[in-house]
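> Since chain A is already given, all that's left is putting chain B on it; use the hints.
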Amino acid sequence: MLHDLLYCLRSLVRRNAVEDELDDELRFHFEQQVQKHVRSGRTRAEAVRQARLMFGGIEQVKEECRDARGMRWLEDLWMDLRYALRTLRRSPVFLAVAVLSLALGIGANSAIFSLIDAVMLRAMPVQEPERLAQFEVIRADSNRGSFSYQLFTYFREHSQSFTDIFADTSVQPEIAFKGAEERVNAELVSGSYHSVLGLEPAAGRLLNPNDDRAPGVSPVAVISYRYWKRRFALDPGVIGRSFTLNGSVFTIIGVTPKEFSALSRGAILKLPSLYRWPAR
Amino acid sequence: MGKMAHERIDLPQGTLDLLILKTLALEPQHGWAISERIQQISSNVLQIQQGSLYPALHRLERRGWIKAHWGVSENSRRAKYYELTKSGRKQLETEAGAWRKLSAAMAQVLDMA
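From first to last, the protein sequence lines stand for chains A and B.
Convert by adding 537 to the 1-based position in the first sequence; the result is the number in the working numbering.
Convert by adding 1 to the 1-based position in the second sequence; the result is the number in the working numbering.
Extracted from the complex, chain A is given alone in its bound form (with noise of 0.2 Å):
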């Protein structure tokens, strides 16, 4: 079989040398039949007639042979092909715009594909997304609020239908690792926010609810993996780094698994929520 297909596939990629290769075999054969009958005493214009008649239909036998090599109908979608290159390129602004609208169409369709696939049709890399649900404040103008963190507490501690609730909010701040400042994205998180997802850090620990409790006193952080891999090359000795932010001092205490970074986008940082912004 594997003969077989490497037979055709030649028959069908060596095209030209192969009918040559035909040709000149049939024309081999008519000769030595010309040479025969030259040899038993006819005139050589009466051999090739004669040769000829024997032969029957070059073409036909040539047909025959093509059909024998099989694949004969990848043969002609092969030269239908290049017969319509050829056409192409002798009206190459029709090409053009051919081309250019069906670059168009599909760069457009990828482009809305891959964003709907990232943002809505990839489950959340988190436990059980389904039974997530998200509460927003609506306010009176139908602008989105936000929640004071007393009204999460109230929700948390009397809510009936949750098994946990945890508050998140995003912000920009600038930290500095002994000196050297960056901005990163970074989100604010009540503690419950990682066992509510349901994460097993990748390294280190992930925020617990006792990280709430004490406000101000060495607050901490846990970083995401990209953000681990990139800043620190996945260097272990990351946990119990600080850096401080705002004046106060943060402890790297974990970072979160490879699959999740965060709710918003691109957030690297996570800190709970009890740290006390400072009004802008």
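Hints in this document: simulated from the structure, not taken from any laboratory.
Some hints here could point you the wrong way.
Taking lysine to aspartate or glutamate and the EDC-like style, the derived pairs with C-alpha atoms no more than 16 Å apart in a straight line are [claimed, not checked]: (1) B:Lys68 - B:Glu28; (2) A:Lys573 - B:Glu75; (3) B:Lys87 - B:Glu28; (4) A:Lys599 - A:Glu556; (5) B:Lys68 - A:Glu558; (6) A:Lys715 - A:Asp678; (7) A:Lys599 - A:Asp561; (8) B:Lys23 - B:Glu62; (9) A:Lys573 - B:Glu37.
Just chain B, lined up with the frame of chain A:
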């Protein structure tokens, strides 16, 4: 497919394959030599037409029972030579065996009194 004087003996397709394989079992030959040899050995009973010979050769080549290479003929022309492959030799044995069995059986039936 074969022709005897003004009569035509029609060989089934597999038979021509068998003849070609047998002819090549002796030595590699080009298409012309094959057809001449068959005609010679069968005392002119079997004359193979080009129209059937070459498609058959190409078919056999595709099945891998014969393989081809280009060489120089006795009269210094470029010609395509065919030779039997290992699987071709096996195929020849199988088919020759089957043929002999068949013709023996046919003979028995036809000789029934």
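> Could you run down the list of hints and mark each one as holding or not?
The hints, checked one at a time:
Restraint check: the Cα-Cα separation between Lys68 of chain B and Glu28 of chain B comes to about 12 Å, which is no more than 16 Å; the hinted pair holds. Between Lys573 of chain A and Glu75 of chain B, the direct Cα distance comes to roughly 14 Å. Compliance with the 16 Å bound is thereby established for this hinted pair. Proposed proximity of Lys87 of chain B and Glu28 of chain B is supported: the alpha carbons are some 14 Å apart, at most 16 Å. At most 16 Å may separate the alpha-carbon atoms for a hinted pair to count; Lys599 of chain A and Glu556 of chain A meet this at roughly 9 Å.
For the hint pairing Lys68 of chain B with Glu558 of chain A, the CA-to-CA distance comes to about 14 Å; that is within 16 Å, so the pair holds. Proposed proximity of Lys715 of chain A and Asp678 of chain A is contradicted: the alpha carbons are some 45 Å apart, above 16 Å. At roughly 11 Å between alpha-carbon atoms, Lys599 of chain A and Asp561 of chain A fall within 16 Å of each other, so this suggested pair holds. Taken as a hint, the Lys23 of chain B and Glu62 of chain B pair is honoured in the structure, with Cα atoms around 15 Å apart against an allowance of 16 Å.
A hinted pair counts as satisfied when its Cα atoms are at most 16 Å apart, and Lys573 of chain A with Glu37 of chain B qualifies at roughly 10 Å.
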